[in-house]
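Asker: Going line by line, the protein sequences match chains A, B, C and D. Going by the working numbering, the final residue of the first sequence carries number 407, and the count climbs one at a time with no gaps. Going by the working numbering, the final residue of the second sequence carries number 407, and the count climbs one at a time with no gaps. Going by the working numbering, the final residue of the third sequence carries number 407, and the count climbs one at a time with no gaps. Going by the working numbering, the final residue of the fourth sequence carries number 407, and the count climbs one at a time with no gaps.
Don't take every hint at face value.
One copy or two, it doesn't matter: identical chains are merged, so the pair holds either way.
[Unchecked claim] Derived pair list, reagent style DSS-like, types lysine-lysine, alpha-carbon separation capped at 30 Å: (1) 388 to 330; (2) 188 to 388; (3) 283 to 330; (4) 283 to 388; (5) 388 to 150; (6) 150 to 188; (7) 330 to 397; (8) 147 to 388; (9) 397 to 150; (10) 283 to 272; (11) 177 to 283; (12) 148 to 388; (13) 147 to 188; (14) 177 to 330; (15) 177 to 388.
These aren't lab readings, by the way, just hints derived from the structure by calculation.
Listed below are the residues making up each chain.
Number of protein chains: 4
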Amino acid sequence: MVIVMQVGTEESQIEAVIARVQELGYHPHPIYGTELTVVAAVGDERGKAQLQSLESMPGVDRVVPILQPFKLSGSEFKKEKTIVRVGDIAIGGEEIIIMAGPCSVESKEQMLEVAEAVKEAGAKILRGGAFKPRTSPYSFQGLGEEGLQFLAAAREQTGLLIVTELLDSHDLELVAQYSDIIQIGARNMQNYGMLSYLATIDKPVLLKRGMMSKVEELLLSAEYILSGGNYNVMLCERGIRTFETATRNTFDINAIPFIKKFSHLPIIADPSHGTGNWEYVGPVAKAAIAAGADGLLIEVHPHPEVALSDGAQSLRPDKFARLVQELKPFAEAAGRRL
Amino acid sequence: MVIVMQVGTEESQIEAVIARVQELGYHPHPIYGTELTVVAAVGDERGKAQLQSLESMPGVDRVVPILQPFKLSGSEFKKEKTIVRVGDIAIGGEEIIIMAGPCSVESKEQMLEVAEAVKEAGAKILRGGAFKPRTSPYSFQGLGEEGLQFLAAAREQTGLLIVTELLDSHDLELVAQYSDIIQIGARNMQNYGMLSYLATIDKPVLLKRGMMSKVEELLLSAEYILSGGNYNVMLCERGIRTFETATRNTFDINAIPFIKKFSHLPIIADPSHGTGNWEYVGPVAKAAIAAGADGLLIEVHPHPEVALSDGAQSLRPDKFARLVQELKPFAEAAGRRL
Amino acid sequence: MVIVMQVGTEESQIEAVIARVQELGYHPHPIYGTELTVVAAVGDERGKAQLQSLESMPGVDRVVPILQPFKLSGSEFKKEKTIVRVGDIAIGGEEIIIMAGPCSVESKEQMLEVAEAVKEAGAKILRGGAFKPRTSPYSFQGLGEEGLQFLAAAREQTGLLIVTELLDSHDLELVAQYSDIIQIGARNMQNYGMLSYLATIDKPVLLKRGMMSKVEELLLSAEYILSGGNYNVMLCERGIRTFETATRNTFDINAIPFIKKFSHLPIIADPSHGTGNWEYVGPVAKAAIAAGADGLLIEVHPHPEVALSDGAQSLRPDKFARLVQELKPFAEAAGRRL
Amino acid sequence: MVIVMQVGTEESQIEAVIARVQELGYHPHPIYGTELTVVAAVGDERGKAQLQSLESMPGVDRVVPILQPFKLSGSEFKKEKTIVRVGDIAIGGEEIIIMAGPCSVESKEQMLEVAEAVKEAGAKILRGGAFKPRTSPYSFQGLGEEGLQFLAAAREQTGLLIVTELLDSHDLELVAQYSDIIQIGARNMQNYGMLSYLATIDKPVLLKRGMMSKVEELLLSAEYILSGGNYNVMLCERGIRTFETATRNTFDINAIPFIKKFSHLPIIADPSHGTGNWEYVGPVAKAAIAAGADGLLIEVHPHPEVALSDGAQSLRPDKFARLVQELKPFAEAAGRRL
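Same shape as in the complex, but just chain A:
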């Protein structure tokens, strides 16, 4: 951490900062510049808040962090890429894994129909929400446990694995019982209580980036799960909120190479939420593979115009099947297979 003093600070103020840096267990290195003084504080910065508080000392302009705040999720800690194994599937390896299905589980028939279709097209994992985070309390809130049962029925029939969202930590056991991968949605990325519970179970987690979260914060949320002992974490880029209203979210393609540089965890792309429009799902799915994504999460609905949620961004099964074919040469160009 570097403490930047104000221009014209008195020597006594610099000394007070140096003394406090030592009290907090760091080694201070003052550097006297032409215009101002900075004090570099050497030592492990994690648990950083205390040094940041030096900003309230007289004469301090600001405190600049130097170390990356994440550790277990970082590539400095673990050089080789993490491969998450679920059933006979490996996520993060050579194969690009496709997870597909409707936004909400609506009925048993719907799930069986869509499961057959996405399996046929090439998906390995079935998605579908039984508990739905809805901005309005008047929107469809999901079928709950019955929805989980429909997902399980589709798994039994097709052999697809199941990824589904945990919305409330009270339902953790229930959701863990029915699913193969537990999804944490964007709105719960910083629900630290829930993250702590996930650290204690033996189930892979798909952690979606919050629409308001920096990638650094996504890695710190993963850190909550990893530091509790659950190492099977996949990250998911699903678009961020910006000033642009032409699309529902702005898919942050830069996040993919950033994460691949700074972390060993697999990164999945969700072009459905990332664009909010089924017409853009294909181009952005291709782009995500080109940028290095390890998998895709795509919304597929047999009848989007009557979907209870997210119809506008769902692909029909035939369009999805065509897209998977189109993705193959991009996977090959990226030295992967699909």
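Guided by the hints, dock chains B, C and D onto chain A, whose structure is given.
Answerer: Only chains B, C and D this time, still in chain A's reference frame:
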């Protein structure tokens, strides 16, 4: 809701949209323009997702919502302002209420010292976090129930009421037992599970706006609590995340008149998080009162430079006392008192 | 345009709106809903400001535009894709065109060295700034006309075409004389005076999206040039400003399919500015091709560590050459060639 | 500037950085930490780009600037506040100055009517655009020189001073001839060519912040004018672009105390553009005064519903007159007068 058709749509596509609008229980009004056709769908739009799904029908360009999505939190539903009464304090009335205290409860001595100081200065409610949402798992996570006990001790000694944050719905009963107002933090504004539990208890709620949530979404989150039967909700503007890095957040001053126009709920301003810098807390607190805020939430710490969290934005007790005096003429100019 | 009245509006207010809509030359269609009334105004909305002003009439809640505001740049106006021809190069056709070179022209030797290198690697157009928009007046401002001469010398030696930025409309003739394509930088995308001058010359324009501009506004800026009679416009996505600070800008990959849907103009991607970091240029360049970009604009500098500007995002010639090879299978996967 | 090396960098890479830092004329101070090494480079950082380019050297993680990049506009350079004198008006002193008038000059009658009204209400300066920056080429572009003549006529009749926007540097002489203060609009804040011309004339400048510009960049744009010799610069906060769509822009109230801390230049608030809605102009104008603004820029139109631009955010003269009365106690509370 207005369904905008693409330029050059075929008549059969328009007819299909009209038919579906009727099936969904709305009255369709097609309007044939010079370049394109729109179909106005008349009926209650709440539970809106289904119409939005029409965007996946052939020939549809987009679906534009018309009605405000919130109802119980809206000023159309309830014309007179809501006054939340806690103990002998009325929030939302003529008096501007100040809530003050440290970010985190750190020790009993700290709480008693700060409670005496903020009471003396004019605060009516004591704030302090016993459960802390921290971006990093390596940061101080709060004292938990012991922290709640220290808050209660400070209440007993000073008569101040207590507002403290609920971080995990498993702790609801515990937090409700010790606090007078339950705070929902920015990161949990869309934790719908937690909002639903709050709807069922008899305790006022201070609902903070998410750092990347629209005010409309804040009102919809309030709607979750109101629609479950708990009408004692206060909203809190605490700054949003933008591209500007000169301050930790951008305090959205516009949100105050917007909320006062569209909602009957009291609106509290948090200039400490809204700026992230104690030097700007005063000017922004004054601005919030001038814009119409019903109360202030201000971080005060006796020794900010050793605070376990948020030291940089905390005021020392003497500065806080001076600020309260400076706020008085602004409260008067706004036709309020403090 | 749809005029949404407030809930509980008086009939006389609705009538006043209807009367004014007629006065302004539109056909009004009032639709009386269960909660409120909307007035659809049929007619060409371009020159829209006047209807927007109805928001100040009593009883009006808001005015919602329906038609896309752009016309000549839109795919409704011109169905087939525009191909911009410069020399023997066609931009917007089957071939993906690479424009490469340093951020700033620094010396004749530098330009000749880099021109040879990027030509050898496969670039068709040489970029380089002679007039530089710099945030600080104390930064290097470019070599001016001398820089243009160095570019021309590199063209003569290599046969590469030249794209360079026009920074001040006073220099239009000068820049037009030396360049094959005139670049309008992000900061001048809404410099309407300059756009008007460009409309009058016979030179293709590369129009970069402002870092704060919606794609709709980019198309409207193109409209200024097209409506003045210059149809050779290429658009350029170069990243937008968001809350994310992990990368200098957020490359808006969604903008590529959006523009390809709504416009006939070629779209060029600039992954150098879009990421601000040479390590991410490759992945994002591949992603842009996968998403449908018609060309790439890439910063290449023989010695980035001494570059007078943008060194951090510049590729060395050897890395650039390797990247071009890696891009080829992605171009093929996209049904293009490079 | 601090150069942060990657974890695990080789000693030779650190030495190479140290050598280059010296070559560039700085004094290097390497600090060897527990996990990584940083090299502090002491010396004047202005003209910073070269050090930033070190990011492309092997082993360098990133380069962190330490000094504020602005100088002449900063309060470290000039401690006492700048007071801009125009006619017998002093901006930046005890009095809060109100500039008011329509968005666009539309006719002589309109200007005379509005000028009389705003003068009567208490405004000291008349605003009105003769050259209008419009997103669409099909919108009203302003009356040009005729508009300037109408402004001059209004000045002659009322004694109000004139502020009007310069849109194209070719019109500088013309605009300078008719106006008392030259306004640079948000879209031209980084039009460096234009800023350089303004540096050379003897006329105060009102520099509006770009809608997606950081305050630091606003100060750097002011630096262009100051460093050329024109010291009469006023800054203007007019709202920034964020994800929030409830209001046209987000008025950045934090920017006012930030600017007052870091700069000596007067700061004017524009609540009309800052909110985009006449109903919020009053609360935000009061807030701006409470936060420390030195003046207000407010749109007033006698008939907003027929305004050729920005009708929705314009106040009628009677509402404006009432607002000025309401502002007075806030000015007093701030220790100012109006």
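Asker: Is the C-alpha distance from residue 388 to residue 330 at most 30 Å within one copy, between copies, in both cases, or in neither?
Answerer: Cα proximity of residue 388 and residue 330: across copies only (17 Å, versus 33 Å in one copy).
Asker: Up to 30 Å between alpha-carbons, please classify residue 147 paired with residue 388: within, between, both or neither.
Answerer: Between. Shortest inter-copy distance 27 Å satisfies the 30 Å Cα cut-off; intra-copy 39 Å does not.
Asker: Using 30 Å as the alpha carbon limit, work out where residue 330 and residue 397 are close: within a copy, between copies, both or neither.
Answerer: Classified as both; 24 Å inside a copy, 23 Å across copies.
Asker: Under a CA distance limit of 30 Å, which applies to residue 177 and residue 283: within one copy, between copies, both, or neither?
Answerer: neither (38 Å within a copy, 35 Å between copies)
Asker: If the cut is 30 Å between Cα atoms, do residue 188 and residue 388 qualify within a copy, between copies, both or neither?
Answerer: within (14 Å within a copy, 40 Å between copies)
Asker: Checking residue 147 and residue 188: alpha-carbon separation at most 30 Å within a copy, between copies, both or neither?
Answerer: Neither way: residue 147 and residue 188 sit 34 Å apart in one copy and 40 Å across, limit 30 Å.
Asker: When no copy is specified for residue 177 and residue 330, does a C-alpha distance of 30 Å or less occur within a copy, between copies, both, or neither?
Answerer: neither (42 Å within a copy, 36 Å between copies)
Asker: I want to check one pair: residue 148 and residue 388. Are their C-alpha atoms no more than 30 Å apart within a copy, between two copies, both, or neither?
Answerer: between (38 Å within a copy, 23 Å between copies)
Asker: Within a copy, between copies, both or neither: where do residue 388 and residue 150 come within 30 Å Cα-Cα?
Answerer: Between copies only: 24 Å across, 32 Å inside.
Asker: Have a look at residue 397 and residue 150 and pick one of within, between, both or neither, based on CA distance no larger than 30 Å.
Answerer: both (23 Å within a copy, 26 Å between copies)
Asker: Evaluate residue 283 and residue 272 at a C-alpha cut-off of 30 Å and name the case that applies: within, between, both or neither.
Answerer: Result: close within a single copy only, 25 Å intra versus 34 Å inter.
Asker: Have a look at residue 283 and residue 388 and pick one of within, between, both or neither, based on CA distance no larger than 30 Å.
Answerer: between (32 Å within a copy, 29 Å between copies)
Taken one by one, the earlier hints fail for this structure at numbers 11, 13, 14, listed in ascending order.
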